[in-house]
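**Student:** Please model the complete structure; the sequences and the hints are all you need to start from.
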Amino acid sequence: MTKQIAIAGNEGPKVRSDCRVELEMLQSGGIQFQLKSKVKALYGDKIQVLVFEILEHFGVKNARIDIVDAGALDYIIAARVETAIKQLLDNDKEYLPEFLPENQYTTTKDRFRFTRLYLPGNNPSMMLNAGLHSPDGVILDLEDSVAPARKQEARYMVRNTLRALDLYGAERMVRINQGDMGIEDLKYIIPHNVNLILVPKCETAAYIHKLEKAIDALKPKHPMYLMPIIESALGVENAYEIASASENVVALAIGLEDYTADLGTQRTREGKESEWARSRLVNAAKAARIQPIDSVFSDVEDEEGLRNTVGVSKRMGFEGLGCIHPRQIAVIKDCFKPTEEEIDKACKIADAFHKAEEKGLGVVALGSKMIDPPVVKRAMKTIDLAIKFNLISKNWRKDYVN
Amino acid sequence: MSTKMIKNALGRMVPEAINGEKQIPFKGVGKHRPEGRKYAPPIATCADYPENGDKRVASLKEALIKSGLKDGMTISTHHHFRDGDLIANQIFDIAAELGVKDLRWFPSASFPCHEPMIKQLESGVINRIEGSMNGALGRFASEGKMNGVGVLRSHGGRYQAVQDGEVHIDIAVIAAPAADPFGNANGVHGDAACGLLGFALADSQFADKVIVATDNIVPFPCIPWQIHGNYVDYTVEVDVIGISEKIVSGTTRITKSPDRLRIAELTAEFCDQAGIIQDGFSFQSGAGGTSLAVGEFFANKLRERKIKARFVRAGSNKYLVKMLEEGLTDYILDGQTFDLEGVRSMRDYPNHVNTSPFTSYNYHGKGNFASMLDVVILGATEVDVNFNANVVTHSDGYLLHGIGGWQNCLFGKTVVLPLPLFRDRIPVIVDEVTTITGPGELIDVIITERGIAINPKRTDLIEKLKNSDLPIVSIEELKAEADKICGVPKKPEFTDKVIAVIKWVDGTVIDAVRQVKT
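Chain order of the listed sequences is A and B.
Quick note on the numbering used here: the first sequence kicks off at 1 and runs consecutively.
Quick note on the numbering used here: the second sequence kicks off at 403 and runs consecutively.
Everything labelled a hint here was simulated from the structure, so no lab data went into it.
Incorrect hints may have been included.
[Said to hold, decoys possible] Each computed BS3-like pair below joins lysine-lysine, with the alpha-carbon atoms no more than 30 angstroms apart:
{"id": "1", "chain 1": "A", "residue 1": "K337", "chain 2": "B", "residue 2": "K893"}
{"id": "2", "chain 1": "B", "residue 1": "K893", "chain 2": "A", "residue 2": "K46"}
{"id": "3", "chain 1": "A", "residue 1": "K381", "chain 2": "A", "residue 2": "K333"}
{"id": "4", "chain 1": "A", "residue 1": "K40", "chain 2": "B", "residue 2": "K893"}
{"id": "5", "chain 1": "B", "residue 1": "K768", "chain 2": "B", "residue 2": "K429"}
{"id": "6", "chain 1": "B", "residue 1": "K547", "chain 2": "B", "residue 2": "K463"}
{"id": "7", "chain 1": "A", "residue 1": "K345", "chain 2": "A", "residue 2": "K388"}
{"id": "8", "chain 1": "A", "residue 1": "K36", "chain 2": "B", "residue 2": "K521"}
{"id": "9", "chain 1": "B", "residue 1": "K886", "chain 2": "A", "residue 2": "K46"}
{"id": "10", "chain 1": "B", "residue 1": "K658", "chain 2": "A", "residue 2": "K36"}
{"id": "11", "chain 1": "B", "residue 1": "K768", "chain 2": "A", "residue 2": "K388"}
{"id": "12", "chain 1": "A", "residue 1": "K40", "chain 2": "B", "residue 2": "K892"}
{"id": "13", "chain 1": "B", "residue 1": "K409", "chain 2": "B", "residue 2": "K433"}
{"id": "14", "chain 1": "B", "residue 1": "K468", "chain 2": "B", "residue 2": "K429"}
{"id": "15", "chain 1": "A", "residue 1": "K394", "chain 2": "A", "residue 2": "K355"}
{"id": "16", "chain 1": "A", "residue 1": "K38", "chain 2": "B", "residue 2": "K886"}
{"id": "17", "chain 1": "B", "residue 1": "K547", "chain 2": "A", "residue 2": "K40"}
{"id": "18", "chain 1": "A", "residue 1": "K219", "chain 2": "A", "residue 2": "K151"}
{"id": "19", "chain 1": "A", "residue 1": "K14", "chain 2": "B", "residue 2": "K648"}
{"id": "20", "chain 1": "A", "residue 1": "K14", "chain 2": "B", "residue 2": "K886"}
{"id": "21", "chain 1": "A", "residue 1": "K86", "chain 2": "B", "residue 2": "K429"}
{"id": "22", "chain 1": "A", "residue 1": "K151", "chain 2": "B", "residue 2": "K868"}
{"id": "23", "chain 1": "B", "residue 1": "K521", "chain 2": "A", "residue 2": "K394"}
[As the list claims (entries may be wrong)] Residues of chain A clear of chain B, computed beta-carbon distances all greater than 10 angstroms:
{"id": "24", "residue": "G12"}
{"id": "25", "residue": "S28"}
{"id": "26", "residue": "K36"}
{"id": "27", "residue": "L42"}
{"id": "28", "residue": "D74"}
{"id": "29", "residue": "F112"}
{"id": "30", "residue": "H133"}
{"id": "31", "residue": "R289"}
{"id": "32", "residue": "F336"}
{"id": "33", "residue": "E340"}
{"id": "34", "residue": "G360"}
{"id": "35", "residue": "M370"}
{"id": "36", "residue": "W396"}
[Stated by the list, open to error] On the chain B side, residues computed to face chain A include the following (Cβ under 10 angstroms):
{"id": "37", "residue": "P444"}
{"id": "38", "residue": "R664"}
{"id": "39", "residue": "K893"}
In this text, a Cβ means the ideal position worked out from N, Cα and C, and glycines have one as well.
**Tutor:** Written as structure tokens, this is what we have:
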């Protein structure tokens, strides 16, 4: 390697919970450590111990390391230091922070995915409290929100985050890069209990198969769910094939910025230009018995606009949206919540169904009206949703009869 | 010279005497009984003042000389102009020019614009600051470079100290956006309009000499007369009294941080579930981003329920003015205006009322407004597991912030502190705060993004919230969570030298601040 000085991380007046590491390998003289930090009086010693431990782990004996810190937690400092070391040293070792026991949960295929919060994978401060806003999923993004030159840095950051940051029960998602770079990303996430992988610009079932092969080679401890994102005209045409490419594909999302660009048109608020693609995607997903998920709403200030958009999505059959700001989460969930009227109606229908079943009747009737099986099915879905949102209890029928 | 230290009622070691004056250690809330009569300034006579009411002199320098400026005096100024103040620095430049030494500067608060005071402190023109010390001044004092020992008081405590004669003000200089030659003055008119002049009330009443300086002299009478000319010795016209854009901002803003909004939302929800938000209730909330958001969430609840507050104590700002205009509160009782909308509202609306530390905060009075508030929303740099809180020092031991009205507000019926669990890795919930500014027995609820802790003393609140879906935990659990995320911090190191004391609202010493080891 010819590079002499490595730099990783960020500093600046607006940077918080991050640090900048400058590392130079030396021939002799041991470790020259320098720390500038506003938390130096409180954590300076701890940071030094950590940095020396990492250097030793990688066998670095002589080096100058300067850290400018803005309150970065240990796992963040560790990711930055490792990034710097790997720029100067070919080394297959990894320095892994402690894997919190509370991060080792799995999720289920059919869990709700109304909201999934995008977080730039190289921006630790935005991730710190992400789980507290109760999104259904947290997406640590390695793709579009990470500059090409910072991709490797982001991989260490996302890996360490998956291990050391409590996401408070949100489904742990990572959006990998496209193509082969995405396959390379897997090494940094599969061993660290990612629950679901978002596959950007997915156009063919063949890519899903290729990806799954690479995932299997890393021997995940549980099924690795996939959410392909359809972002091109070809992807839309192949939507059903992609949706049914594997048991592990649990949802199909649409990315409208890229899709409209591919069409050579503009994304508008009314969304006429993507109506067909969205309908096609909903249909493909439902045909494959998985969740269709809508794109993001990009004006974070416009709550009313978001509500309208979610309303349209819900009516089209979508079962979730992407969020680019935590404040969108509660609004979207609220929109997907069944209304009191809907719940009331569903309970009546479901109750009639159960009564008919108990009496061994083949036909469900509500008053003098016959109820068709699909209507019952829809009512059951509404009730499931109401239970999930804590709007009625699991034993709603007991309350209902009383 | 080493000072004898004594243990106060909170177990903190505080000096028996500072700056040659004996101190009373904190005895417990409401335990100290003041004795004697209030301080009174010398009797004046109209025979010494011009009958035509024109008390103008040519310059600030002349006014200071005529007021008898000399070594060892106490000079007071006020923070109505916040970071746009142009007068305080001039006073001490004049003192330096006249060769005067060992002054005590007694501001109601200091700001970054007062950094030039460091040269006066270094050269001995100023012996010490008794008031807030932030930024560069805080650093200077914390490193043990100030000759005298600093004293930090709350806004109410400052009134109390002046009224009780603990602090004798030789010369008060009141910078006013509008004044007449007689000395009547207000804060609502002129380029430097700042709303009100309440912090200068005590000084006008009790100082030996009172100077009013303005860049906006109007013929008698200057109405409203927030400061009465009958207390004033000299008036001075200057070219520019303050930098208006630094006095009130046009941009007080609700926070956009989703984490802070979550804390604010939890705070409003907590108050609601505790039954505090009712028709005719009252609250006080600061002008910081999170506090403003709490106010907005309160307003939403009032609007939804079609009820209103009887009064809001402020720090006024555009959001409160909107509440007033929308009829969501009957009154704003204002201690200082934070933006131009606040100034406009105070000027235009009779139910936007100017108040002072005397009416709102003075503990040695026959009651005050702060204790009548149903809920107050306050900040802090640290809170310990006994609910004691610190607002004056940073976790690294440096003086960071003044007390403001914070201590005085602790007497509100319910005191809620919405705080992040940690700031840039620095835990906010600790085993023991660096400096006690307020005793835990007065602090009721800590609301963080990761959980809410109710003071075990508030069994009524615990009972009311027992079936709540809010994340209610113990303060020890909050501390454990902060330590788990951030790691247990090392304590800052201090020398034995006391660089400042923190006064409680009754003039007793609640804690001492020591020199930081560098």
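**Student:** Each hint: holds or not?
**Tutor:** Hints and how they fare:
no.	hint	result
1	A:K337 with B:K893	48 angstroms, violated
2	B:K893 with A:K46	13 angstroms, holds
3	A:K381 with A:K333	16 angstroms, holds
4	A:K40 with B:K893	11 angstroms, holds
5	B:K768 with B:K429	20 angstroms, holds
6	B:K547 with B:K463	28 angstroms, holds
7	A:K345 with A:K388	17 angstroms, holds
8	A:K36 with B:K521	28 angstroms, holds
9	B:K886 with A:K46	14 angstroms, holds
10	B:K658 with A:K36	29 angstroms, holds
11	B:K768 with A:K388	56 angstroms, violated
12	A:K40 with B:K892	9 angstroms, holds
13	B:K409 with B:K433	16 angstroms, holds
14	B:K468 with B:K429	42 angstroms, violated
15	A:K394 with A:K355	17 angstroms, holds
16	A:K38 with B:K886	20 angstroms, holds
17	B:K547 with A:K40	22 angstroms, holds
18	A:K219 with A:K151	24 angstroms, holds
19	A:K14 with B:K648	22 angstroms, holds
20	A:K14 with B:K886	25 angstroms, holds
21	A:K86 with B:K429	60 angstroms, violated
22	A:K151 with B:K868	48 angstroms, violated
23	B:K521 with A:K394	72 angstroms, violated
24	G12	14 angstroms, holds
25	S28	32 angstroms, holds
26	K36	14 angstroms, holds
27	L42	4 angstroms, violated
28	D74	7 angstroms, violated
29	F112	19 angstroms, holds
30	H133	6 angstroms, violated
31	R289	33 angstroms, holds
32	F336	19 angstroms, holds
33	E340	17 angstroms, holds
34	G360	41 angstroms, holds
35	M370	40 angstroms, holds
36	W396	18 angstroms, holds
37	P444	49 angstroms, violated
38	R664	6 angstroms, holds
39	K893	8 angstroms, holds
Checked against the numbered hints listed earlier, the structure breaks hints 1, 11, 14, 21, 22, 23, 27, 28, 30 and 37; every other hint is satisfied.
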